[in-house]
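Trainee: Please build the complete structure, drawing on both the sequences and the hints.
Residue numbers (this note's numbering), protein chains in the order written: chain L, 96 to 468; chain B, 96 to 468.
Hints are computed from structural coordinates only; laboratory data are not their basis.
The model shown is predicted, which means the values in this text are computed figures rather than measured ones.
Among the clues, some could well be false.
Remember, identical chains collapse to one label, so a pair may be satisfied in a single copy or spanning two.
[To be verified] Taking lysine to aspartate or glutamate pairs in the EDC-like style, the calculated list, with each CA pair at most 20 angstroms apart, reads:
no.: 1; residue 1: 432; residue 2: 314
no.: 2; residue 1: 102; residue 2: 270
no.: 3; residue 1: 461; residue 2: 374
no.: 4; residue 1: 156; residue 2: 433
no.: 5; residue 1: 100; residue 2: 270
no.: 6; residue 1: 383; residue 2: 270
no.: 7; residue 1: 122; residue 2: 172
There are 2 protein chains.
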Amino acid sequence: MIMSKEKIAVIGAGNLGQAMAGHFALKGHQVSIQNRSHSKIDDINSRGGILMKGVINGLAKMEVASYDFADVVPGRDMIMVTVPASSHADIARKIGKYLEPGQIVMLHPGHTFGAFEFHNTLLGMGIDTLITIGEIQTSLITCRLIGPAEVMASGIKTRLPISIFPANHGFDKAELLFKIYPTSVKAPNVLKTSLENLNAVVHPPVTLLNTGRIDSAVDFLYYWEGFTPSISHVVQALDAERLLLADALGVEVITLQGFFASAYPTKGEELWEKIRSNEAYRKITAPKSMKTRLILEDLPTGLVPYSSLGQEFGIPTPLCDAFIDVSNAMMMTDFRKEGRTLENLGLTGQGADGIRYFAETGKRIKRSADYAD
Amino acid sequence: MIMSKEKIAVIGAGNLGQAMAGHFALKGHQVSIQNRSHSKIDDINSRGGILMKGVINGLAKMEVASYDFADVVPGRDMIMVTVPASSHADIARKIGKYLEPGQIVMLHPGHTFGAFEFHNTLLGMGIDTLITIGEIQTSLITCRLIGPAEVMASGIKTRLPISIFPANHGFDKAELLFKIYPTSVKAPNVLKTSLENLNAVVHPPVTLLNTGRIDSAVDFLYYWEGFTPSISHVVQALDAERLLLADALGVEVITLQGFFASAYPTKGEELWEKIRSNEAYRKITAPKSMKTRLILEDLPTGLVPYSSLGQEFGIPTPLCDAFIDVSNAMMMTDFRKEGRTLENLGLTGQGADGIRYFAETGKRIKRSADYAD
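Mentor: Okay, here's the thing in structure tokens:
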């Protein structure tokens with residue numbers, strides 16, 4: 096397959112950032128990569144690229160590896176953001192001034208309402224809406240760093256939804272992804288990827304209901320030991336809340352059960368059996384502290400927006416709220432304040448039609464003082 | 096000290112029931128004891144009494160040990176109920192027909208609104224209010240069964256509040272307890288003991304936030320390992336909800352911090368330090384299943400009535416609600432329906448004054464169809 100060379104910037108040089116940058120470069124594209132902390136960038140420059148192992152192989156040379164956004168963003172066709180979703184707004188504020196009309200920012204993953212938040216942050220900076228923003232439902236590559244600038248890619252995920260905001264910008268600027276990941280699915284809009292934020296219904300309950308041993312830094316396998324039948328009931332009930340919200344928004348989404356049944360070879364009927372027979376999860380260990388992305392990322396960019404949707408539509412979300420409230424007390428913070436809500440996205444009172452219209456066009460049916468179009 | 100002999104029935108022959116029956120008998124009273132399952136009663140009859148060890152010593156002979164309420168309740172001055180609080184209503188239904196005017200039923204412990212529930216259950220059976228009902232805040236004796244009809248009493252607790260319902264019946268019928276446990280405190284009414292249900296603010300969070308290892312039947316020390324700093328924050332915040340409810344009811348209660356500081360020799364400033372330096376807790380192991388009294392008892396007779404009070408007074412109780420909702424999903428039940436609420440106690444809309452008046456007199460300011468006085 097012949098592909099035209101594209102210029103791609105990758106923001107973040109963690110596991111996923113390096114894997115994506117490496118894969119793009121090995122496919123012949125010109126890649127720049129940025130990271131805030133210097134060590135990862137220094138590692139890449141010392142090695143002269145990123146060494147890919149596993150299902151993707153080779154030393155992938157970077158055009159630029161830098162701590163400075165000014166070095167990596169300008170002139171790129173696509174800017175892929177691989178930092179935790181809780182930092183999306185911060186990244187928007189930092190790269191906003193370097194963005195150029197016609198570029199696409201791809202949030203990988205977007206979690207819930209990532210594109211909305213990114214767009215609104217740019218809007219707040221006076222940057223117009225000619226920037227297209229994409230969301231990928233979860234990570235395209237299963238990978239981890241195994242050394243300095245050295246990535247083990249253990250699998251490429253199939254059938255992942257990718258969405259575009261505003262949807263009426265179309266998929267032109269994301270075609271590259273469908274060439275490299277041909278089974279990926281073109282989602283009708285970002286509501287699909289936002290409401291298929293499955294991390295939000297798995298990570299907070301599994302993490303919080305294992306607080307005792309995580310907070311004691313006890314060794315255990317996060318999924319294979321931590322996902323017990325009692326916890327399974329709670330995760331299922333939380334997923335049911337997500338399905339009601341998606342239904343109210345008129346978005347067709349996969350169930351958590353359905354996702355595990357189709358995405359991995361698993362055994363058993365019950366969710367806990369599927370999770371605890373998933374070989375891809377076998378070796379995943381639990382965090383050693385409650386200050387983990389499994390809470391700090393998945394609450395503000397997952398359960399908080401879900402709860403906010405529930406409030407808008409009059410749909411009770413007792414379990415979303417339970418995990419937010421327990422985490423608020425535990426972390427002595429207010430995740431509702433720092434998280435993504437319809438209120439801070441300027442979308443309260445728009446109804447399902449208004450939110451869909453916004454996803455489609457980037458325009459609000461009702462304008463508020465804060466958010467003109 | 097010379098005491099007149101009293102006739103006492105003890106309902107329940109678990110750890111606490113046998114300890115109390117043994118202690119009463121060794122103090123010279125005539126004691127009958129009842130238990131639903133036959134083995135404990137058979138043990139007592141085989142041994143010819145209850146063998147007390149530790150801080151209370153001797154073979155305590157029972158007047159009667161029987162499975163049948165008819166053998167143990169009639170003619171007694173005090174009927175002490177030591178079954179889990181979640182069974183109080185069931186016990187009321189079973190012993191109601193044997194109760195005689197002038198008797199006192201002592202709920203040990205009463206948890207939240209135990210006396211109200213017991214009274215209302217009798218009322219529903221057409222039994223008038225000449226029965227006095229007492230609540231003890233928590234167990235008077237720290238004890239456990241170490242063999243058939245053999246109890247180790249490791250300590251007698253001091254300064255425990257005991258209350259009477261209706262308060263205007265006075266303490267006459269409970270004087271026996273103050274003779275045997277002279278540091279016990281006469282609480283102004285059952286609202287004091289009900290709002291000092293501290294189990295409710297400790298057990299559900301500690302248990303649920305350790306679900307992973309409890310549900311996996313992992314060995315660990317419930318308090319010394321399970322009560323981590325992160326969990327401590329949550330328990331503190333839950334206790335703050337209880338204090339606001341007590342304040343709204345006009346009841347002075349001890350804080351959880353204050354309780355641990357005064358009840359046990361402990362170290363440290365933080366709640367988790369106090370708990371994890373409490374020698375009385377050192378050896379307490381965790382349950383091996385989530386089907387434990389720490390949830391099944393403490394939710395319906397603790398967090399559910401607390402949440403109900405919050406609803407009545409417009410005081411948010413997010414953490415009470417969080418633990419109820421998570422437990423509902425986990426156990427696939429509805430603890431709000433089976434638990435004690437102002438609604439099913441016939442006390443909605445009475446306000447703080449009305450609830451206090453009820454505690455004082457057993458009469459409702461506003462009558463409903465279900466609850467005439």
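Trainee: Now look at each hint and say whether the structure bears it out.
Mentor: Now for the hints, and whether the structure bears them out:
In this homomeric assembly, residue 432 and residue 314 never come within 20 angstroms of each other (Cα to Cα): the closest approach is 33 angstroms inside a single copy and 39 angstroms across copies. For the identical chains of this complex, residue 102 and residue 270 are intra-copy neighbours only, at 13 angstroms inside a copy versus 87 angstroms across copies, given an alpha-carbon limit of 20 angstroms. In this assembly of identical chains, residue 461 and residue 374 lie within 20 angstroms of each other by CA distance neither inside one copy nor across copies; the values are 48 angstroms within and 63 angstroms between. In the homo-oligomer, the alpha carbons of residue 156 and residue 433 never lie at most 20 angstroms apart, since the shortest distance is 38 angstroms inside one protomer and 65 angstroms across protomers.
For the identical chains of this complex, residue 100 and residue 270 are intra-copy neighbours only, at 12 angstroms inside a copy versus 91 angstroms across copies, given an alpha-carbon limit of 20 angstroms. When the C-alpha separation of residue 383 and residue 270 is checked against a cutoff of 20 angstroms, the pair qualifies neither within a copy, at 40 angstroms, nor between copies, at 53 angstroms. Within a single copy, residue 122 and residue 172 get their C-alpha atoms as close as 15 angstroms, which meets the 20 angstroms cut-off; across copies the closest is 89 angstroms, which misses it.
Consistency note: the structure conflicts with the earlier hints numbered 1, 3, 4 and 6.
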